[in-house]
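Just so you know, the protein sequences line up as chains A and B, in that order.
Under this note's numbering, the first residue of the first sequence carries the number 1, and numbering increases by one thereafter.
Under this note's numbering, the first residue of the second sequence carries the number 1, and numbering increases by one thereafter.
If you are wondering where the hints come from, they were derived from the structure by calculation, not from laboratory data.
Where hints are given, some of them may not hold.
Remember, identical chains collapse to one label, so a pair may be satisfied in a single copy or spanning two.
[Claimed, not checked] Straight line, CA to CA, 25 Å or less: simulated DMTMM-like cross-link-like pairs of lysine to aspartate or glutamate: (1) K363 to E257; (2) K346 to E222; (3) K232 to D147; (4) K346 to E257; (5) K450 to D168; (6) K301 to D227.
There are 2 protein chains.
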Amino acid sequence: MTSYSSEPSGRVLKAPEHFLSQEGIKTVVAESKKGRRDFLRNAFATAAAGAAAPIALAQSNPVPAEGGDPNILNLPTHSTSLGQSVATVGYGVPSQYEANLQRRPSPGLTQTTQASVSFAPLQSLFGIVTPSGLHFERHHQGWWDIDPSKHRFMINGMVKTPMVFTMDELMRLPSVSRFHFIECGANTAVDWGNVAVPTVQYTHGMLSCSEFTGVPLIALLELAGVDLKKAKFVLAEGADGSSMTRTIPMDLITSGEVIVAYGMNGEMLRPENGYPLRLVVPGVQGVSWVKYLRRIKVGDKPWGAKDEAIHYIDLMPDGTHRQYSNLQECKSVVTTPSGGQVLLDKGFYNITGLAWSGLGKIKRVDVSVDGGRNWRQARLESPVLSKCLTRFNIDWVWDGKPAIIQSRAQDETGYVQPTYQQLRAVRGTRSIYHNNAIQSWLVQEDGEVKNVQLG
Amino acid sequence: MTSYSSEPSGRVLKAPEHFLSQEGIKTVVAESKKGRRDFLRNAFATAAAGAAAPIALAQSNPVPAEGGDPNILNLPTHSTSLGQSVATVGYGVPSQYEANLQRRPSPGLTQTTQASVSFAPLQSLFGIVTPSGLHFERHHQGWWDIDPSKHRFMINGMVKTPMVFTMDELMRLPSVSRFHFIECGANTAVDWGNVAVPTVQYTHGMLSCSEFTGVPLIALLELAGVDLKKAKFVLAEGADGSSMTRTIPMDLITSGEVIVAYGMNGEMLRPENGYPLRLVVPGVQGVSWVKYLRRIKVGDKPWGAKDEAIHYIDLMPDGTHRQYSNLQECKSVVTTPSGGQVLLDKGFYNITGLAWSGLGKIKRVDVSVDGGRNWRQARLESPVLSKCLTRFNIDWVWDGKPAIIQSRAQDETGYVQPTYQQLRAVRGTRSIYHNNAIQSWLVQEDGEVKNVQLG
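Chain A on its own, in the form it takes in the complex (with noise of 0.2 Å):
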């Protein structure tokens, strides 16, 4: 706090640099040439296979040359015409052309809509940010708009101090921001049971991935005088009507990486993620970044709460319930081509998807077009982090045969995703959450891609 420099105030201020050279303006001058092809179809697929690309011209949906009269060349209004103000527009939304882009319930899953779970699109998305307002969404009681000027976070138990703080209080502490992804633990659920769910949305939508800002709880539990030597946990617990309460042990929060989070992709929590306080939890399932969050409550055992002695435990084969297996293990999914979708002709795809493992950042991702016989190597898009999502893609050259599309996942630790056969040599059949497998998409001959599960 104190220890003050100068350097490098002595720094001399480079002369700015040019971006171009100054070779003079030249006058724009029309261009005939315009046109179309199919390559995606023939010449691109025939570049693929390594041979010279002979690009075939056709003349449709032309763009007009510049200067040319507007009259003539049919050009759509919004090139001849005055557009919109974004005057009007305080928060933008999406394009009208992207109303079916929407998380969705799947009414059959819960028996009320006020616990229910929202799955993200995967199959539409990019990169590896989840937009806000497509976050999947998984509530035990509803969802809540909480005055942020009334609610109170409280820290007690063994502490030395217990304290409660506003949300302005907490807002003023020294504050970090990450990338992480959050999974509920029962994602991919269903297809225990060797359910074909038909979409990636429903298969592994309950996946989504921000950049989070709050306070590191640990600075907040030394703040209140905890005892590390005897503190082995803590206990979260959310203001809603669930009474959702979770135990979270120490060595996570020792580390700094749980984080008392307001923030959300920039901007405060959305009220359906727990504005205007959660827990992040990275690597941990869902269920553990408790939403709404009132309380942390630190102890030296495990609570076995309601939400961890019924809920969120694994059935073994032997007919026992295993506990507290809160980490999310490494586990990928191809998003594009995948279930629902269609591809329409031969040729050049790109397959995309996405990575993860709650210990740490994804080492490799393999692709199979072959049902798993064959692997490639795919490209991991910049940055690879820690316990967070990873997009990869690779070429694909459809020969429009029927393929089966897998990729299989490997993280830093050496964990290397499994099949569902070697899962359930471990977990059984009857199990709920934490299935990790390899996801198999089928595409079949007339382009139609179907959710298939293989040993």
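Please arrange chain B on chain A, whose structure you already have, making use of the hints.
Same frame as chain A, but now just chain B:
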């Protein structure tokens, strides 16, 4: 394409790891101690000064102990009732309590609403991702919501085979996803004239940062048969009525950085940001990120288009105009505390802000609270990416006396953000564009924060 390998399919699945040891279920006991204290004014400031922190307790805003009677404890409705179902929210929106958080136009800045600017509310944003609904927006003849099924993208000029693409064709090609800032060349323009614009939304709010997804332009040019020995520049042309055309040098394109983008923060571009297609030119001022992109023309000289000859040029001290100075040089700004905000009392604050450079990564940010006499190095949040916003944070205990807060960024090239004095020595006082000077915020004794210009 054909180099298949089967490694590492022989890997053995590790047994899933336990999150917690099985210590059984412990019944929750009620906790009676709860409290609240003005730690921000007293204890935390004391702690920051190096002493122990004797934190006072006060009874207010009690959080109920579990098991209590909600009627006695005055539990809020959201703790005792069913909430809303998310089934009605296919595309979520911010809390009602955040309604004041909007991008805002500056009515006096341009003469018609069809050619205007909306500034992003930087003072209230977290991290580096700008929510797409709050992304800054500059349009030259209104904005449009163009039907993507009718939109076409052409490549012509000095290529072997001119080509026209539909959106479907573009979206089947190899894609990349990258985080980049976009800043209007006129950001912070009004401050050139020693006019202290009141808030950071209006001084620096023509700045945003997103994850963009699309096809590298170089891949498309190679498909069209570009001759890189002759082709030195491209002209990017938009489809809206402003006839926006900008020259881009080929060396930026051959680096692979320039993207023909359709995705922004995981979903399709927003209409006011160029839906369905815009050019992404990392490090370069926003006007070159042509919206509603309909054409790339390849040539061997810069075009000197109207928005290059008349606008986005720098009036130099000798009376000449400098063109094509498009690279956004290293810059930073403190976003909290910032102009228009009020510090309600003395004590601890988290000073936070943004730094960026069009020439690479941010290497370091220093913060001063005494108008530049002393500097301390701020913490940079991860990841620090090239040509991307970087979030910085630093602790500060306000003693209630007047303070002048500044930030000074340095990028990986060694370039240091200039003072106004340094900038004016090179650029004069009558310019509009490319003001990257150090910003000063005065904190008055009454807590009000104001924009002041220091030499």
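(message) Please list, smallest to largest, the hint numbers that this structure does not respect.
(response) Hints 3 and 4 are the ones this structure does not satisfy, whereas the remaining hints hold.
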